[in-house]
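Whenever a hint applies, use it, and build me the whole structure from the sequences.
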Amino acid sequence: MNATVLTFPKGGIHPPDYKSLTAEMVIEPMPTPTSLELILGQHIGVPCSPVVAKKDKVAEGALVGEVTKGMGVPLHAPVAGTVSNLTESAHPIQVSSPSVILRVNKKEEPKSYQSSDWSGLSPDELREKIHLAGIVGIGGAGFPAHVKLTPPPGSKIDTLVLNGAECEPYLTADHRQMIEHPDQVIEGARIILSILGITECLVGIENNKPDAIAAMSSEAEKQTSAEARIEIKTLEVKYPQGAEKQLIQSVTGRRVASQGLPADHGVIVQNVSTARAIFEAVALDKPYYEKVVTISGKGIARPANLLVKVGTLVKDIVTHLGGTTEELAKVVLGGPMMGFAVSTLDIPITKTTSSILFLTRDEIDTDLFSNCIRCGRCVEACPMGLQPNEIGVYVEASQGENTTKFGTMECFECGCCAYVCPSKRPLVQFIRMAKSQLKRRAAG
Amino acid sequence: MKKRLNARVEIRTSPHIHYAPSVSQIMRNVVYALVPISLFGIYQFGLSALALIVVTTASCLATEHLFMRVSDRASSLHDFSAVITGLLLALTLPPGFPLWMAAVAGFIAIALGKVIFGGLGYNILNPALVGRAFVQAAFPVAITTWTPAFIPGRFSEFVPSTLTLPFLKPISPAEWINANAIDGFTGATPLALQKFEQIQTSTIDLLMGMTSGSAGESSALLIMACGLYLAFRKMLDWRIPVGILLSSALFSALFYLINPDLYPPPLFTLLSGGMMLGAIFMATDMVASPLTPLGVWSYAILIGVLTVTIRFFGGLPEGIMYAILLGNAASPLIASLTQPRAYGKERRSLFNRRQKEES
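Protein chains in written order, with numbering that gives the first Met the number 0: chain A, 0 to 443; chain B, 0 to 358.
Just so you know, these hints were derived from the structure itself, not from any lab.
Derived Cβ-Cβ restraints for the label pairs, each shown as a range:
| # | chain 1 | residue 1 | chain 2 | residue 2 | range |
| --- | --- | --- | --- | --- | --- |
| 1 | A | Asp366 | B | Asn258 | 50 to 60 Å |
| 2 | A | Glu395 | B | Leu293 | 24 to 34 Å |
| 3 | B | Val34 | A | Lys9 | 30 to 40 Å |
| 4 | A | Val4 | B | Leu261 | 52 to 62 Å |
Below, simulated DSS-like cross-link-like pairs (lysine-lysine); rule was C-alpha separation at most 25 Å, straight line:
| # | chain 1 | residue 1 | chain 2 | residue 2 |
| --- | --- | --- | --- | --- |
| 5 | B | Lys344 | A | Lys438 |
| 6 | A | Lys56 | A | Lys105 |
| 7 | B | Lys344 | A | Lys404 |
| 8 | A | Lys155 | B | Lys344 |
| 9 | A | Lys434 | B | Lys344 |
Covered by chain B, per the in silico footprint, the following chain A stretches (three or more residues, Cβ under 8 Å):
| # | segment |
| --- | --- |
| 10 | 338-348 |
| 11 | 375-383 |
| 12 | 419-428 |
Positions of the beta carbon are idealized from the N, C-alpha and C atoms, including for glycine.
What follows is the structure, given as structure tokens:
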């Protein structure tokens, strides 16, 4: 284990992490509910077209939707069942989205998967397996993994960075997977190394997870060879340590250029959970249809790390965990810094849902916002060196189109600025508005 | 079956958690930091200083309340920023300043310095200094009439000029001072003594505040201690006072080296007049100062150099007020010239820029 604690140079915040609510909880498979809602557009890129019709019977792992043109990945049935409808489901961002409703056949035994040797496969074969398993980056916007593992021609990749920072408060899904399945995560990393034809892998983990660092370090030592040199890097606990550019600078010291790609600097980043999913796809031939989700916050009766099928409704998870508490004030899909608040529990989880938070009034802030007092805290907190205060004032004055000079398009919406704002200004929201105005203008 | 949420839920967008002291908490802490300075002023100058502080603060609060009522907006008194303006204003006025003039200063500070621009957050100048600059121009005699510190009868009676009736010529306190104080007091402040008579006040007296001057400017030590409290609580940008004090010390040292008979030593420049109060509590007004690193330093250096320039070459012994107001006025320009570089952007050198133009 490397004793030096690494971090990124600019900005960042230290929110209370609330991880103790679920950090010790072993991943618990949730019993499959009676029906699942599979949203066809699970992630960034092209949504799937359904390949099933109403009343079709499907087996566990069978194809439900696929993408024939453009960037996308197929969608699989998480359990055996019957297609009861092709309709629309509630969606955290798009309000509603086309989906396939699957009535679960409870009599069917769950499928079991056998491990097989993948060492003889070529990079293209491995990539195809990952593509067909429907894997997207876990936690973020859900970028298809096989596309990320196909670096643009001309770029010379030399390092794989695995993201085990899990810097968002409350979240412990990656943490638990690193403790309980470090072997699978590291093997997934070896598969990626072999696809990229490189040997160097650095795993960044924040040092509030010493147990994960220990488990991953001993496993990395076990699996390290001349073809795969895997090293665990300890990171300072600072949000947003797990943001792509920040993580790359923390573990490799390289600074990704503005509007640049990690690949331009020889780096590919994947999440530790994505690496594990890649292991399952390649070594077990198991499609990506279930995932570990942290259910936390003071608004849920029993917080947990649940292994749930994609398409499970939030309300079924709530019922399984004993319901919500009376103080519940906000339901968030994703982390508290970047997740989406939802107004209904009739919403299915997708491949990119990393957590569901049930927050109470004392965990969130409900104050109204006031004028900017130009205290400069947001400028200091911004990891990208931007000026959120100016963007906010411009947007309020209907001048969102003139904010490029303050870095509107560089913003990845980590939320540090709004977190530290004494006037409680919705700075991220202002920046989103500025972005959409800029995009509209660029589109003519 | 649709499952309804049993509670009214918030759906505001991310981030969903916040942590920061609120605006009123920050402002309240600035008030706390000004309390010891105000108390010391009262201890030095007695009843008149107390009345002055009460009147300016009340005037600022009343003005802000009035404007909010007239413009039909929610009261903003709870944010404590008007209290700060009132206190700071009083601390920069001569202790025997007529109360009715102080009330005018408070009104101008809030009306022309703050609400006219849209209230807290939109003022371009430090409101307290706007008020002070107004009375400096309107009442040039009263604002340069000083009373000595520690007059024996200061807690039982007012300085006569304090109670001047509105629109009447202030009664000169000279007679009262002579009756009460040590012989030979000229009423001159250390800055005036130095500038016009080349008499140096001792450093210890300046540090401890044993001198005459404005109600709350005299003890450099106390002001520094109160500023440190705010800086440690991260409610004051330490770079601004450090930049002002360093640049004015260096700039004045230049003149002192050339002609030590005419110009005071740098330490005197730092400890006399409104330098400390201005650098620590006035120039640091968040709203009217830049906030990017390069901007902050440029702003501080500009104020330091201007203060010394006005003190040494202007008609007045003190220059910090105008220097800060000029600094405030220049800060939007400074901000636009000192845009920070976003993460991962190339350093913008002249060479780069030319390359861009060529391509």
